Amino acid sequence: MYFMTLLKVAVYSLLSNKLRSFLAVLGIIIGVGAVIAMLGIAAGAKAQVLSTISAMGTELLIVRPAQRGSGGVMTGTQQNLTVEDAEAILKEIPEILQVSPAVQGRGQVKYFEKNSNISYVGASVTYFPIRAFEIEKGRVFTDTEEERLAHVAVLGPVTAETLMGEADPIGETIKLNGLNFQVIGVTKAKGDQGWFNPDDQVIIPCKTAMKHLLGVDYVREIDIQCRPGSDLMAVQDRVVSLIRKRHRTLPDMPDDIEIRNQAEILNTASQVTRTFTVLLGTVAGISLLVGGIGIMNIMLVTVTERTREIGVRKAIGAKDRDILRQFLFEATLMSGLGGLIGVGAGVGAAKAIGLLTSFQTVLSPQSMLMAMVFAASVGIFFGYYPARRAAKLNPIDALRYE
Amino acid sequence: MIIEIENLTKTYVLGDTEVRALDGVSMGIDDGEMVAITGPSGSGKSTLMHILGCLDAPDSGVYRLAGENVAGLSSDRLAEIRNLRIGFVFQTFNLLPRLSALENVELPLLYGRKHDAKEQAAEALKIVGLENRMHHEPNQLSGGQRQRVAVARAIVTNPAMILADEPTGNLDTRTGEEILALFHSLNEQGRTIVIVTHEAEVASQCRRSIHIRDGRIANV
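If you're matching them up, the sequences are chains P and R in order. Each residue of the first sequence is one higher than the one before, counting from 33 in our numbering. Each residue of the second sequence is one higher than the one before, counting from 4 in our numbering.
To be clear, the hints were calculated from the coordinates, so they are not data collected in a lab. The reader is advised that the hints may include incorrect statements.
Dumping the calculated BS3-like pairs for lysine-lysine here, alpha-carbon to alpha-carbon at most 30 angstroms [to be verified]:
hint: 1; chain 1: P; residue 1: LYS207; chain 2: P; residue 2: LYS169
hint: 2; chain 1: P; residue 1: LYS40; chain 2: R; residue 2: LYS117
hint: 3; chain 1: P; residue 1: LYS78; chain 2: P; residue 2: LYS146
hint: 4; chain 1: P; residue 1: LYS40; chain 2: P; residue 2: LYS142
hint: 5; chain 1: P; residue 1: LYS78; chain 2: P; residue 2: LYS239
hint: 6; chain 1: P; residue 1: LYS169; chain 2: P; residue 2: LYS142
hint: 7; chain 1: P; residue 1: LYS243; chain 2: P; residue 2: LYS277
hint: 8; chain 1: P; residue 1: LYS222; chain 2: R; residue 2: LYS117
hint: 9; chain 1: P; residue 1: LYS40; chain 2: R; residue 2: LYS121
hint: 10; chain 1: P; residue 1: LYS123; chain 2: P; residue 2: LYS40
hint: 11; chain 1: P; residue 1: LYS424; chain 2: R; residue 2: LYS129
hint: 12; chain 1: P; residue 1: LYS123; chain 2: P; residue 2: LYS146
Here are the simulated distance ranges between beta carbons [as the list claims (entries may be wrong)]:
hint: 13; chain 1: R; residue 1: ASP79; chain 2: P; residue 2: LEU39; range: 38 to 48 angstroms
hint: 14; chain 1: P; residue 1: ASN426; chain 2: R; residue 2: PRO100; range: 34 to 44 angstroms
hint: 15; chain 1: R; residue 1: ARG211; chain 2: P; residue 2: ASN426; range: 27 to 37 angstroms
hint: 16; chain 1: P; residue 1: ASN49; chain 2: R; residue 2: THR12; range: 29 to 39 angstroms
hint: 17; chain 1: R; residue 1: GLY27; chain 2: P; residue 2: VAL405; range: 55 to 65 angstroms
hint: 18; chain 1: P; residue 1: ASN426; chain 2: R; residue 2: ASN142; range: 20 to 30 angstroms
hint: 19; chain 1: P; residue 1: LEU388; chain 2: R; residue 2: HIS139; range: 24 to 34 angstroms
hint: 20; chain 1: R; residue 1: ALA221; chain 2: P; residue 2: LEU39; range: 44 to 54 angstroms
hint: 21; chain 1: R; residue 1: ASP79; chain 2: P; residue 2: ARG306; range: 42 to 52 angstroms
hint: 22; chain 1: R; residue 1: THR20; chain 2: P; residue 2: VAL405; range: 32 to 42 angstroms
No experiment lies behind these values; they were computed from the predicted model shown. Where a beta carbon is used, it is the ideal one built from N, C-alpha and C, also for glycine.
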């Protein structure tokens with residue numbers, strides 16, 4: 033009953049000054065809306081980055097030659113990694129599930145009158161599982177085909193469409209830098225990753241690429257997939273010491289290879305997205321704080337306007353805490369309603385951003401709940417001072433107030 | 004005696020000058036009395052009323068309300084005393100807008116955390132003859148009806164004393180007389196009523212009047 037009267041008085045007080053109440057909570061609406069939209073964008077960015085990284089493959093280590101240079105000037109990469117290094121890594125280190133040497137080049141691919149400038153990868157059969165490529169149509173090449181330097185190719189779906197359109201590419205012959213290759217498979221689409229598109233490339237056997245296209249006896253990288261659950265850092269150290277031994281690197285010389293560790297990439301990426309989240313959240317939080325000041329301002333006006341009412345309430349027996357509770361309740365009601373409208377606005381804004389821009393947005397119920405709770409706390413925090421001022425009014429002065 | 008005061012003093016500082024609003028006031032009011040407190044403006048009449056109503060505390064002296072010395076109590080305890088022992092009636096009615104007559108009368112019971120507030124409030128409104136106006140808001144009521152609601156609010160907690168401050172000041176003569184008649188009938192039912200007024204006519208209707216001048220009681 034007491035609560036109902038409290039609610040009724042608070043609602044009346046808000047409704048009797050609709051425009052003023054609305055303007056007072058506008059700050060909260062914008063603040064909560066901004067928090068939700070911003071956290072939505074941040075969560076979307078994080079999800080995108082994580083899916084990009086896991087599309088690279090899991091438990092992945094990439095061994096590349098160290099960059100050669102002195103005094104900060106890079107003069108190129110060394111040409112020291114070999115297919116035999118890859119085989120040795122697989123043989124010597126038990127935590128490693130599979131490896132694939134890989135080379136890369138750009139070239140012209142041709143199919144009848146259609147042609148396209150694309151990048152191609154020469155790799156082992158194991159490259160597909162290591163880099164999380166799945167086969168949509170056809171098959172991957174076999175070990176025998178690789179040993180025989182067979183001219184077979186697996187196309188990315190985008191490449192296949194560019195060259196053959198809707199037609200079935202399996203069994204067709206394409207020309208890569210003037211050499212004939214038979215198409216034996218098409219990979220499943222992974223989606224554009226921003227800096228390169230794994231769906232627009234041609235994958236051919238490693239040795240074929242080395243001998244017939246590039247004319248080299250070294251590889252560009254060795255991709256390693258560790259057994260699930262193994263310590264990537266420890267495996268990385270073992271790979272480094274194995275390669276040092278194989279390359280007869282003197283103890284006082286720096287490593288001639290460098291290893292990119294997927295866990296590290298993941299770590300960096302989540303640090304970046306965390307920073308992003310904190311930054312966006314802080315900016316949005318500040319607007320929520322400004323909204324709170326708006327509420328405080330209007331509550332101070334309300335307390336002044338209702339001084340006489342406060343006097344009457346005290347005269348008929350309201351204690352200081354009854355008055356405090358009433359004004360605190362009004363402030364919280366106001367910011368809570370603002371928060372509710374703000375959640376709606378924020379969800380709408382996040383959806384609109386997701387539809388109209390290239391940003392992905394992910395809305396989580398937690399962020400909505402958090403924004404609501406935060407908004408209500410802002411109401412309590414900024415409502416406290418005006419409410420306390422009301423509670424501490426001297427009843428005689430309040431009753432005499434005109 | 005329901006009210007007993009001894010040697011009350013109260014001094015205000017206005018700028019550089021000290022104003023002795025009450026300068027050693029002693030008096031008593033018996034249970035069931037109807038007393039007027041009169042005096043010109045600036046006499047200390049309002050100060051005395053504020054202290055009697057537990058809205059203000061004296062600088063020195065003793066004030067016993069229903070046997071309890073209320074000088075020097077905490078503001079929470081004073082709020083409780085105002086809630087339970089004193090019913091205020093103001094010149095300007097001071098009802099809360101947008102609350103119905105019933106809700107206005109309920110308010111002291113809600114602050115006192117009483118049960119059956121609605122029933123008791125309805126009962127009080129019946130006593131002042133407004134059982135048909137319970138759900139009207141103050142702006143739908145005439146001045147006399149508003150003051151009746153205020154009286155109902157004052158008696159709803161069954162207080163030791165009803166303290167009315169110029170209760171007829173904002174009413175026309177006839178409505179004012181009706182309100183005074185209401186006070187008389189309440190007094191006949193045994194309620195103690197203290198009316199603060201500067202109108203001799205109102206004071207003459209009370210059985211006793213206490214005249215204040217320059218912070219002292221001029222007659223006893």
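### Query
Are there hints from earlier that the structure breaks, and if so, what are their numbers?
3, 4, 5, 8, 10, 11, 12, 13, 14, 16, 19 and 22
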